[in-house]
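Participant: Spelled out from the first residue to the last, the chains are:
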Amino acid sequence: MSVDAHSSYEVVIGLEVHTQLRTESKLFCGCRVRYGDDPNHHACPVCLALPGALPVLNARAVEFGVRTALAMNCTVHPRSVFARKNYFYPDLPKGYQISQYEEPLATKGWIEIDGEEPGGRSFAKRIGITRIHMEEDAGKSIHDAAANGRNGSQVDLNRAGVPLLEIVSEPDLRSPAEAGAYLRTLRQLLRYVDVSDGDMEKGHFRCDANVSLRKKGAQELGIRNEIKNLNSFRFVEDAIRTEIERQARVLDDGGRIIQATRLYDSATGKTRVMRTKENADDYRYFPDPDLVPLALEAAVVERARLTLPELPERRRIRFESEHGLSAYDARLLSVSRSLADFFEAVVAARVPAKTAANWILRDVLQALKEREQEIEETKLTPEALAALLRLLEEGRITAKSARELLPELVEHGGDPAELVSVRGLEAVSDSAQIERAADEVIAAHPENAQRFRAGEEKILNFLMGQVMKKTGGKASPAVVRDILARKLKA
Amino acid sequence: MAGPLGTISELRAQLDGRKVSSRELTDAALARAEALEPALRAFVGLRPERARAEAAEADARVARGERRSALEGIPVAIKDNMVQAGEPTTCASRILAGFVSPYDATVLTKLRRAGAVIIGRTNLDEFAMGSSTENSAYGPSRNPWDLARTPGGSSGGSAAAVAAGVVPLALGSDTGGSIRQPAACTGIAGMKPTYGRVSRYGLVAFASSLDQIGTFTRSAADSATALEVLCGHDPHDSTSLPEPVPQYSQRLSGEISGLVIGLPREYLVEEGVDPAVLQCVREAVAELERCGAKTREVSLPHTKYAIATYYLIATAEASSNLARYDGVRYGHRAANAKDLGDMYRRTRSEGFGAEVKRRILLGTYVLSAGYYDAYYRKAQQVRTLLRHDFDQAFAGCDVIATPTAPEVAFRLGEKASDPLRMYLSDVYTVSANLAGIPGLSIPCGFAHGLPVGLQLLGKPLDEVTLLRTADSYQRRTDWHTRRPPEPA
Chain B
1 MSVDAHSSYE VVIGLEVHTQ LRTESKLFCG CRVRYGDDPN HHACPVCLAL PGALPVLNAR
61 AVEFGVRTAL AMNCTVHPRS VFARKNYFYP DLPKGYQISQ YEEPLATKGW IEIDGEEPGG
121 RSFAKRIGIT RIHMEEDAGK SIHDAAANGR NGSQVDLNRA GVPLLEIVSE PDLRSPAEAG
181 AYLRTLRQLL RYVDVSDGDM EKGHFRCDAN VSLRKKGAQE LGIRNEIKNL NSFRFVEDAI
241 RTEIERQARV LDDGGRIIQA TRLYDSATGK TRVMRTKENA DDYRYFPDPD LVPLALEAAV
301 VERARLTLPE LPERRRIRFE SEHGLSAYDA RLLSVSRSLA DFFEAVVAAR VPAKTAANWI
361 LRDVLQALKE REQEIEETKL TPEALAALLR LLEEGRITAK SARELLPELV EHGGDPAELV
421 SVRGLEAVSD SAQIERAADE VIAAHPENAQ RFRAGEEKIL NFLMGQVMKK TGGKASPAVV
481 RDILARKLKA
Chain Z
1 MAGPLGTISE LRAQLDGRKV SSRELTDAAL ARAEALEPAL RAFVGLRPER ARAEAAEADA
61 RVARGERRSA LEGIPVAIKD NMVQAGEPTT CASRILAGFV SPYDATVLTK LRRAGAVIIG
121 RTNLDEFAMG SSTENSAYGP SRNPWDLART PGGSSGGSAA AVAAGVVPLA LGSDTGGSIR
181 QPAACTGIAG MKPTYGRVSR YGLVAFASSL DQIGTFTRSA ADSATALEVL CGHDPHDSTS
241 LPEPVPQYSQ RLSGEISGLV IGLPREYLVE EGVDPAVLQC VREAVAELER CGAKTREVSL
301 PHTKYAIATY YLIATAEASS NLARYDGVRY GHRAANAKDL GDMYRRTRSE GFGAEVKRRI
361 LLGTYVLSAG YYDAYYRKAQ QVRTLLRHDF DQAFAGCDVI ATPTAPEVAF RLGEKASDPL
421 RMYLSDVYTV SANLAGIPGL SIPCGFAHGL PVGLQLLGKP LDEVTLLRTA DSYQRRTDWH
481 TRRPPEPA
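Going down the list, the protein sequences come from chains B and Z.
Take the first sequence: its position 444, counted from the start at 1, is 444 in the numbering used here, and no numbers get skipped.
Take the second sequence: its position 418, counted from the start at 1, is 418 in the numbering used here, and no numbers get skipped.
It is worth saying that the hints were derived from the structure and are not from the lab.
A hint or two may mislead.
Computed Cβ-Cβ distance ranges for the label pairs, DEER-style [to be verified]: (1) K378(Z) / G203(B): 37 to 43 angstroms; (2) A369(Z) / R249(B): 46 to 52 angstroms; (3) P78(B) / K378(Z): 54 to 60 angstroms; (4) R303(B) / H233(Z): 44 to 50 angstroms.
Calculated cross-link-like contacts (lysine to aspartate or glutamate; reagent style EDC-like; alpha-carbon spacing at most 20 angstroms) [said to hold, decoys possible]: (5) K270(B) / E220(B); (6) K338(Z) / D91(B); (7) K140(B) / D339(Z); (8) K228(B) / D265(B); (9) K415(Z) / D146(Z); (10) K378(Z) / E102(B); (11) K379(B) / E408(B); (12) K338(Z) / D144(B); (13) K474(B) / E393(B); (14) K487(B) / E447(B); (15) K294(Z) / E255(Z); (16) K458(B) / E426(B); (17) K489(B) / E456(B); (18) K378(Z) / E103(B); (19) K228(B) / D208(B); (20) K85(B) / E255(Z); (21) K108(B) / E166(B); (22) K125(B) / D265(B).
Keep in mind that this is a model prediction, so the values were computed, not measured.
The C-beta atom is built at its ideal place from N, Cα and C for all residues, glycine as well.
Given these sequences and hints, build the entire structure.
Facilitator: Dropping the structure here:
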């Protein structure tokens, strides 16, 4: 049973994303944000909620929040207020989480998404952003006795107080594929403005989905269910799909949807009820009296706006118009800010845009994939790639040699011209040497020469290969082809 | 038994003149504290060894001519809701049993840098919730003027210690009158500065938007000396104020001619106040007029809502501030809990006293869904109106004079079973906390043989005018030099 089978329903999805900001220190104290250290290694009186400890807001986290809000076309409020969300849990040391509630950092924005449904129908639309607010993360409870080596549960507060942004979308998404596209676009933006690594596996990018169905054409929203614990892109789409099908079955059978919070179990692919609205928690939000309202002057926001990088959507369009790239290549090159910057730097070093694009999208990406690295993590500089490609353009090396050198440049860096000379990879430009090799090849393969003369042109490739072999792959293929053809036709 | 210690300025002169050493003063303070403890129960804990070591260091600095401040070598007591590195902090609550702070409150850091000698931690109502010190898990402190009576609260231990001459300076905290009311009850000076003037970092929170650390001293001049050390911006407290700290003690000219004293019509009515108390306050105002001050009537029309507003906001904040005492990380944890919920319930049931529980329940209620607008939000709106009241009143006067408390120190047990009557002890003091303005109580006479307090309220950050007014009064009167009888 698929959603399309229930063509009488319209799917309505809104997403709440929690993303971890990549600040050096926590949101309300000076403790470092770091993973993998011993439990409770980064836990000061503020993290531990010792008596008398007070929070002090991290200005860098605010700056990151503002950048994100601007990248998502939100209105950044001149005044926002931190509020306490009260509940008891062992990994919540204060007994409340400092968040924002009635007066968030920013509201009313949007982002553009596009993509394709599994059936092939493509979509491109604008998704509203309801609000963006700042809050602190909780610590981590470890219930597994085997893992903590002791009886009972243990708490690690290294994560407690780590800065998060909660980004809430309007209920504008209409399918699991749109939800997936929204998340990917959101993560791409977060990475572009350099505020979060957006790594879902590490829990730095978490998503809750609100899903409801309504009769097509209906104005009112249906009863929604919130699905929590979605920690990969695939799980988000799978869980939403499962939930849509569940709700459709209930409605088809004449049933009523009950508002609830559900947990997704990736092992079974099912959701189960965590709590219903009737027993929902009352968090007793109120403004945190330990923190003054956050005041952001318009000038501060405008300065942040000026420092924003060119965002992926605009960059993609510019790559098409300015560099004459195909829509497909432009999209791939603008996927990450570092790759797009790299591409533009290669072009700026006098390499034709199409050559640069081809080499980056094929050979460079291949090398990155093999190493599981991002471009900025390698030794390859745009200047080096440009130098390599210029040597190729000038016929001083063959494409084969260039391909051979690329992994070396990725791994160790260096000057391509120097490497070419050290390795003896200069293209053979001595035509006498090539002519001698061609004569030998034709003499050694009389039948093949005859077949070419009889019109079987494809055989030339075989003969070329033989000549290349004799010249150690360093002869320019174009020159070899010319010489061979001339000699065979003579 | 060692006799009562003098004022800071007297002890300063003796120390600087090498007539006495800090070590001798500290020994005297410790001896007196111990001797009076059975009668007063002013202290939760003394720290004789460390105090003596600090005194020896102070003496060495004085000998080298490296005096750090006017508090160098002076014995000081701290209300036991300000944390000290390596020492227990109890807040007079069972729930903090076994807790030892790894860090110093900012005021402790400042006192140490000033060379003060911390002799011990004083008793209080549990988590500073109360007006009599009867809500202490360690039992009530007693008033040196009459051991059957309360020294007031919640900073009753600090007030008793200063009134009995154990120390010339003790720190307290004032959320709704917890410095000024006990100062009035014990006949000493109690100063609550402007909200944010003294850092709250390391002060165990009761109601964060109202809590303010302040001083108990014998004289207003001593308050000025201590405030110079304690006040100032603290990067650890986002609500602390950035304004520079005046040299308060240099500004006590004794001159108040032309000063306009506002007399709020709503406070000086006979209703709900002991006429003998009111009489003392009127005489004190007359004395200030003789010093050259003028008086005029002012109005604070929303005063009648102050107590209700205060108990909504203070309990709401307290319910959240006290959530951290959950038995997970420090302090008391119930034994043999069945599960997490059971552990929370039993830990908190066993750890908190009745008044703290009452306030947590009230605060939880006023913040809960469906009641927030009617209670918490409404209280915040009234709080704004109360602030405006003071803004308007101060447009026409420099200080406001009122009684500190509606009656003299009451008998222990007299109001313990009637929380509402107890809450009314704060009727004249809570408004200053709601408005964030400074308030000072000084002794202005006796009624029924017990001290009466005159409360002076000032404009935000205008501690100077309060201190100058009080100092001028004390130059012409001797109420602040009266001492309670030595306990038998």
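Participant: Take the hints in turn and mark each one as holding or not.
Facilitator: Here is how each hint holds up against the structure:
| no. | hint | result |
| --- | --- | --- |
| 1 | K378(Z) / G203(B): 37 to 43 angstroms | holds (41 angstroms) |
| 2 | A369(Z) / R249(B): 46 to 52 angstroms | violated (33 angstroms) |
| 3 | P78(B) / K378(Z): 54 to 60 angstroms | violated (26 angstroms) |
| 4 | R303(B) / H233(Z): 44 to 50 angstroms | violated (26 angstroms) |
| 5 | K270(B) / E220(B) | violated (27 angstroms) |
| 6 | K338(Z) / D91(B) | holds (19 angstroms) |
| 7 | K140(B) / D339(Z) | holds (19 angstroms) |
| 8 | K228(B) / D265(B) | holds (10 angstroms) |
| 9 | K415(Z) / D146(Z) | holds (17 angstroms) |
| 10 | K378(Z) / E102(B) | holds (16 angstroms) |
| 11 | K379(B) / E408(B) | holds (9 angstroms) |
| 12 | K338(Z) / D144(B) | holds (18 angstroms) |
| 13 | K474(B) / E393(B) | holds (14 angstroms) |
| 14 | K487(B) / E447(B) | holds (15 angstroms) |
| 15 | K294(Z) / E255(Z) | holds (13 angstroms) |
| 16 | K458(B) / E426(B) | violated (28 angstroms) |
| 17 | K489(B) / E456(B) | holds (12 angstroms) |
| 18 | K378(Z) / E103(B) | holds (18 angstroms) |
| 19 | K228(B) / D208(B) | holds (5 angstroms) |
| 20 | K85(B) / E255(Z) | violated (51 angstroms) |
| 21 | K108(B) / E166(B) | holds (14 angstroms) |
| 22 | K125(B) / D265(B) | violated (30 angstroms) |
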